[in-house]
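**Q** The lines below spell out each chain.
Protein chains: 2
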Amino acid sequence: MASDLRKDPVTDRWVLIAPDRGARPSDFLVETQPPSQRVCPFCPGNEAMTPPPIQEVEGADGRWAVRVIPNRYPAVQVEVPLQREAVGIYDRISGFGAHEVVVETPRHDLSLWELGDEDRARVLGVYRDRLADLGNDRRLRWAMVFKNRGAQAGATLQHEHSQLVALPRVPREARERWEGARSHFRRKERCVYCDVIAAETKEGVRVVEESRFFVAFCPYASRAPFETWILPKGHASHYTLVTQEDLRDLSRLLGSVLRRMDGALEKPAVNFMLHSAPLQEHESPAFHWHLEIVPATQRIGGFEWGSGFFINPTPPEDAAAFLREFA
Amino acid sequence: MASDLRKDPVTDRWVLIAPDRGARPSDFLVETQPPSQRVCPFCPGNEAMTPPPIQEVEGADGRWAVRVIPNRYPAVQVEVPLQREAVGIYDRISGFGAHEVVVETPRHDLSLWELGDEDRARVLGVYRDRLADLGNDRRLRWAMVFKNRGAQAGATLQHEHSQLVALPRVPREARERWEGARSHFRRKERCVYCDVIAAETKEGVRVVEESRFFVAFCPYASRAPFETWILPKGHASHYTLVTQEDLRDLSRLLGSVLRRMDGALEKPAVNFMLHSAPLQEHESPAFHWHLEIVPATQRIGGFEWGSGFFINPTPPEDAAAFLREFA
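Going down the list, the sequences are from chains W and P.
For reference, each letter of the first sequence is one residue, going 1 to 327 in this note's numbering.
For reference, each letter of the second sequence is one residue, going 1 to 327 in this note's numbering.
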């Protein structure tokens, strides 16, 4: 059964109803399932368990080092025709899009955290390649690379991987970022993220670490304890524009930040999200790509559900100071 | 240390930084703590463990049956002066507001589900009283009653209770509901929720149960498996306008819906949120108060964090059919 995007009739909230992803109601009872101990479909030798790869990158040993495959339980599919329709009083879009999995390493036992800088840079390069490739499909307007690490962050497989979803519309959160940045630019003729970088690096209290080309800090309005963002210091709207030199530097900084989190929070479950400009947009002086890292330490309660507000018990100034201690 | 509301500089997302609520970073490591087995501050005889009550309602035995107290770890406080200020390039509002706890029953072992219809109606009446009372403070623009049942839904105490937060601004989700309903009314001169009720009761596939004055259904764009909404069939913008007759009928239906969820999902953790019109607004032909019930069966993963989209693996039509089986 194909998935569909359904719009809430009151707000502009879309929901992806993806019945392929779970079968019976009982599947949703057990909350934090231990990662499966069965045969790992992402390990070398088990390639036949997954659909044919979309991209493979060779390592020094001539075997694959990073492997991109279609998600076996896709939330959206490119095979579905893009169709917008009214269903009675409601609005629906067919489940058209792309849902890919990036297997980040052949090693079942290594995390993205523990990979060497070169290996992690290779993964970051694959993110760039995939975003660039998906942008060639003019029907796709938005894509995001994200990672769920650990069962508490939503991961169902232990072998280290990230995911990529591309959709025919820009979802609410992404549109608010894009429009918010453009609104700031219209008023001030400056990139709001560049303003934030200038303020944060000057003040320093929320900075976790700086590298040559990037800065990592806990944002002023952190939604969750130890939320950390990484931004390129130089203005760039599209992640697809990163150079190999950028990627090497980003890899080193990202590894360091993630290891700080592991030290500070005892290997927490983590989500990270890579936010680039919408796919079909030209280079923009208003938007600035960035990586948001959120340890999955908190539950979404009724207050968050109903208000869209987050309650964060750890001031980002404290979180940054604590993370700085774990070099 | 008082809390503050901080605005994300790009989007209109506000975050409540509430450092009183948790002390050390290690407090956020353990995710699903078992409910505390120590002395329960909500049980009769332990009233001295909580601040003095804001409201108490007597039961037939002359003792308190429902008790409203200030939250001991408040996210916001009425004692804090309401203050809006710039902090460098950022925007901040002081942590002014109200945060109350409704102890729903003196019985430690009973859930709101298991209370008698009269007892549950008394709790629903207290929600009305508190919303009406908080509306008298003109600085408060919005309030929501919500419930986190079970550790997976964010509860930290086992004794059955709900919470109430009132704020000096209407948060994003609530504003989108309010503005969305008003936009629909401007175009069509009809309440969008009334339209939804008419469509749902006519089609029937997503209806869980109907009572004399209320209808419970799984919404077309359900964010989570088994999400269920209860709405009054007659138009009413403010929950504060409910009559005793309404409350008796709502109590019966709510009890039935919650017991269906317990049957279908084996006593899931649950969040519910009571959405009434913003506090200082007059009666409105555009907005319709409602109760949203969301079983806490899902994790928020990177996709949801980054997009604001929810992926729901259970079509609401299937969820409603399943819930209907558990009378």
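Note that these hints are calculated values from the structure, not bench results.
Any given hint could turn out to be false.
Since copy identity is lost for identical chains, a pair holds within one copy or between any two.
Calculated pairs, DSBU-like style, for lysine-lysine (alpha carbon to alpha carbon, straight line, at most 30 Å) [claimed, not checked]:
1) K267 - K188
2) K202 - K7
3) K7 - K233
**Q** Taking the hints in turn, state whether each one holds.
**A** Now the hints, each set against the structure:
For the identical chains of this complex, K267 and K188 are neighbours neither inside a copy (41 Å) nor across copies (53 Å), given an alpha-carbon limit of 30 Å. Taking the shortest alpha-carbon separations for K202 and K7, only the inter-copy value of 20 Å comes in at or below 30 Å, while the best intra-copy value is 43 Å. In the homo-oligomer, the alpha carbons of K7 and K233 lie at most 30 Å apart only across protomers (22 Å), although the nearest pairing inside one protomer, at 37 Å, exceeds that limit.
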